[in-house]
Structure formats: C-alpha cells, structure tokens
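Once you have looked at the hints, place chain B on chain A.
2 protein chains.
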Amino acid sequence: MTASELNDLSRLCIHTITTKPWAIEVAIEKYAAAGVKGITIWRQWLEEKGPVEVGKMVRESGLEVVSLCRGGFFPATDKAGRQAAIDDNRLVIDEAAALGTDLVVLVCGAVPGQTLAESRKQIQDGIGTILDHARAAGIRLAIEPLHPMYADERSAINTMKQANDFCDLFQDPMIGVAVDVYHLWWDPDLKQEIQRCGKADRLFAFHICDWLTPTKDLLNDRGLMGDGCIDIREIRGWVENTGFNGFNEVEIFSDSWWQKDQDQFLESIKKAYLNDS
Amino acid sequence: MTASELNDLSRLCIHTITTKPWAIEVAIEKYAAAGVKGITIWRQWLEEKGPVEVGKMVRESGLEVVSLCRGGFFPATDKAGRQAAIDDNRLVIDEAAALGTDLVVLVCGAVPGQTLAESRKQIQDGIGTILDHARAAGIRLAIEPLHPMYADERSAINTMKQANDFCDLFQDPMIGVAVDVYHLWWDPDLKQEIQRCGKADRLFAFHICDWLTPTKDLLNDRGLMGDGCIDIREIRGWVENTGFNGFNEVEIFSDSWWQKDQDQFLESIKKAYLNDS
Numbered sequence: 162m163t164a165s166e167l168n169d170l171s172r173l174c175i176h177t178i179t180t181k182p183w184a185i186e187v188a189i190e191k192y193a194a195a196g197v198k199g200i201t202i203w204r205q206w207l208e209e210k211g212p213v214e215v216g217k218m219v220r221e222s223g224l225e226v227v228s229l230c231r232g233g234f235f236p237a238t239d240k241a242g243r244q245a246a247i248d249d250n251r252l253v254i255d256e257a258a259a260l261g262t263d264l265v266v267l268v269c270g271a272v273p274g275q276t277l278a279e280s281r282k283q284i285q286d287g288i289g290t291i292l293d294h295a296r297a298a299g300i301r302l303a304i305e306p307l308h309p310m311y312a313d314e315r316s317a318i319n320t321m322k323q324a325n326d327f328c329d330l331f332q333d334p335m336i337g338v339a340v341d342v343y344h345l346w347w348d349p350d351l352k353q354e355i356q357r358c359g360k361a362d363r364l365f366a367f368h369i370c371d372w373l374t375p376t377k378d379l380l381n382d383r384g385l386m387g388d389g390c391i392d393i394r395e396i397r398g399w400v401e402n403t404g405f406n407g408f409n410e411v412e413i414f415s416d417s418w419w420q421k422d423q424d425q426f427l428e429s430i431k432k433a434y435l436n437d438s
Numbered sequence: 162m163t164a165s166e167l168n169d170l171s172r173l174c175i176h177t178i179t180t181k182p183w184a185i186e187v188a189i190e191k192y193a194a195a196g197v198k199g200i201t202i203w204r205q206w207l208e209e210k211g212p213v214e215v216g217k218m219v220r221e222s223g224l225e226v227v228s229l230c231r232g233g234f235f236p237a238t239d240k241a242g243r244q245a246a247i248d249d250n251r252l253v254i255d256e257a258a259a260l261g262t263d264l265v266v267l268v269c270g271a272v273p274g275q276t277l278a279e280s281r282k283q284i285q286d287g288i289g290t291i292l293d294h295a296r297a298a299g300i301r302l303a304i305e306p307l308h309p310m311y312a313d314e315r316s317a318i319n320t321m322k323q324a325n326d327f328c329d330l331f332q333d334p335m336i337g338v339a340v341d342v343y344h345l346w347w348d349p350d351l352k353q354e355i356q357r358c359g360k361a362d363r364l365f366a367f368h369i370c371d372w373l374t375p376t377k378d379l380l381n382d383r384g385l386m387g388d389g390c391i392d393i394r395e396i397r398g399w400v401e402n403t404g405f406n407g408f409n410e411v412e413i414f415s416d417s418w419w420q421k422d423q424d425q426f427l428e429s430i431k432k433a434y435l436n437d438s
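Residue numbers (my numbering), protein chains in the order written: chain A, 162 to 438; chain B, 162 to 438.
Only chain A is shown next, with the shape it has when bound in the complex:
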C-alpha cells in the first residue's frame, strides 16, 4: 500500500525543538497561525510557565499536544543515578498529565563505556518501575529506537526489532514505540518490524526529517524532508498500512536551520511536508 496523499496540514505536528529559537508562546502562536495542527513539546519549553499553563495556551490556540518529549535515560553507573532517573520519569509522567497529553516519548539512555547488555537491563528495570505510575496517570510510553551511532551515550535500543522485543517483555498496552525515520531508514528489516509493531497495536508515534549526505555532525545536522536520502513516503506507507492515522511529527535538530529565520523555516517545513513527505 502506498502512503496517503498529504493535501493539507491536518496531520502535521511540529516538535518545539525543531524551531529551537522560539519560546513556547511564540511557537504556539506561529504554528497555529501557519495552520499546523499538532505540537510535541520538549520539556525545556515547560520550564518557564509550567505544564498546566502551557497546556491551557495550546488548547486556546486550537493546537493539540501530541506528546511530551522526553523521558527515559534510565541507565546510570550507580543506584542513586538510576533512582534519580526513575524519579525524573515519574515527574515527566505527571507533567504530561498536567499538560494534557497521554503520550511520553522515551529516549531510553546509555552510559558511555557501560555494556549495552547492562544498559538494556537497566532500561527494562526502569520502565518496569514507572509503569504503574504511568498507568495510573493514563500516560502511554513510547520507546524510541535511536540510530546505532547513538548507542554509547543516548540509547541502547537501536532498531525496531529491539524496540518490539522490548515491548514483548511487558505485553502492556501502555508501552509502545515511536518510529523515527532518521534513526531507522537504513534497516533492511524495517518494513516487517513496522508491521509487527502495528499488529501488536503499539505504534504510538511517527517522526520525520531527513538524512543529509554528508552529515557534518552526529547530533545537529538533520535535514528537512526532501533534502536527504530517506524515502519518507515509502516508510509512511508502511506505517499507515498498520492502521496508524496519527500525526506526522517533524523533528529536526539542525544548527544550520536554527541559525536562519524561523518564519521562513516554518514555511519551508510546510512546503516540504506537502511535497516531500
């Protein structure tokens, strides 16, 4: 099945990190004025006004909060560090509830030099520990597998297969996956693992941007849709084929774009969304 045609912005969501120079009130106003319908809020954008106030502002603008980014980072070299991570994840869940979304994205974490096996065990323990709290708050948790180049310091979960295997450990409707094309596009098993994810009703979120060649920085050199090599439309087709009809979330970390005029960037995002996603 091919992807649906994107004829309007009704399923376009933007992450606040994408337009990093904009404060939360600016992002909300600009996105809403541009006809964007969804917003995923990164925690830094809650710091000044708090989640209740931000949630109110978003609703008044007509936008929908798609998710809160991000919980996770469970691994640590000592018990105190792991407990601090658990406490912080409980806080993220409370913030999400106060904000008025039912989804938290988890970047699961890793500790440089700690074995991936140990980090994966600590991630499992961490998610297991916060699960009751998430369920009580009505907050779903989306494990986001990260590109293998982040395995040593950002996430020890690096493929869709791993994310699916992880979800299988819990078999819980509150735990699912955030599919991000940037991290996963290269994987020859991607199609089948997206199908597996959908069959288990755990495909919670879909993030888009593009892979640039050459990539000049491992973290902040992501591209606008259409500027790189990812066949976003093909992957979106696989995602929609599972029954997913949620937002297409634009999440771009880019030193280059952040230095430019953000109003023009927002226009470029709208255009790339309609033409190259």
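Which copy? The list can't say, so a pair holds if one copy fits it or any two copies do.
Derived BS3-like pairs (lysine-lysine); straight-line CA-CA distance at most 25 Å: (1) 181 with 377; (2) 322 with 282; (3) 198 with 210; (4) 181 with 421.
These are calculated hints, taken from the structure and not from any lab test.
Chain B only, in chain A's frame:
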C-alpha cells in the same frame, strides 16, 4: 568462551591507512622493526611501485600481506558507472594476486539518494559478475558490513545479518565476511550472526579499533583500542570461538592520530593491542 590472551604480536596486523603519513616502504620497515607480523595494504600504497614490487618488499621484510583494501563500490546511477566498477574490481583482484595475498576486502558501495534496495541489487549483480575472475585468480572476497551511518554513501550492507544473507545468495567458498568491531559492536544480534558466519566457514577477516564518545567526525574519528566503548575482547572471543585464528587487523582512521608522531602512534598501537584488545 573468552578470548585468547594476546601475549605477543604474532597475530597483529596493521592497515597502511592506519599510519597514513607513512609511504609504503616506511610502513613496511617500521612495522617489521616493531615486531608486527601482518600488513593489510590499501590500494593507494600500490600506486607508486606497483603490486609486484610491493609484494616483494613485504616478503623480504618478513611481514605477511593479510589482505588488499579495497574493492567494491558497485552501485552507480548508470550502466557505464556500474561497468567501470566491475572493471575496477577485476583490476583489484589482479593486483591482489600480484601482491601475493588471497583476500580482497569489499566495501560494497551505495549512491546518495538511490534506494538501498536498488544498491543492494547492484551489489549482488556486481559480485556475481566478478566471481569467476576472483575464483580463477584464487582471490577470496570479504564483504565488510559498514556502520548504518554509512548507508547512504559507502555501503548498503550494514549488519552481519545482511552480510550473511548476502553470502547465502552465493553459497560460494570464495565469498565471506570481514568483521569490523567499529561497524558492528552495537548490534544485539552480533554474537549469533558471528556464530552463523563461522559455521558457514566464511569469517575471512577481523578488524579492530574503538568507538569514541563523542565522535566528532563520521569518518575520521576512530579510536585506538581501549580509548572507546567497544568490548573488543568479548567480540574477539566470539570470533575465535568460530575457529578463526587469523590476524587481528588494526584499522584506524583518525585525523587526530595522523597529526601525531607516527612512531609514537605505532608504540601506542602495540601497547593497546596487548592490553586493550
């Protein structure tokens, strides 16, 4: 099974690219004087003297040529480009024979923006086309899966599972795999795919270096063994457990090390080889 103890340099091989500032005659002299036993030669180091002369120099020094790097890069956007790649791979095979090694490492290639499925098909076609020539020359071909961050421009073969699946397509004793810890360390399926590789008698080469955190450059910021996060000893144990008792090949691309005194670098390599590999 744990890895063997590395008490001497009898299985140490160095790639000429590792000490990039050294011309071929310098590299041969320095490696031999340092007690290194193997050398893998990159094609650039054949340009001046040619493979016959270089092979003679290596043998006179007491070193062994472990492999010639590198063939591959089969995908191209047009037929002429793909034919040029095939011609060049036939030449690499001839050079390897003239040099006096029986192994060519293949970095299989990719074309920015071309679909990975198409590139993989072109790689399969390319290898199939040169196979008779390789067999006639007695040259084995080692497919080296590259880290997923190179999928768009260097290789569309990015995991051990893919490399094994590729070899299964041919079922030919001349086609195997080069296992490089830098590209593969993050993969949760690595142990089982190394076992699969060994069972099929196709584990042809083992390359070592380390993954640095942070990694400042996608290509030329690899680390000396022990300076990064890779559990080289564990992976070496898996490799040896298949029956592999060939060389441990040090292949480091590093702008940082290349700017330093190469004699001191060679001493650091020996020390890291014995203590951190």
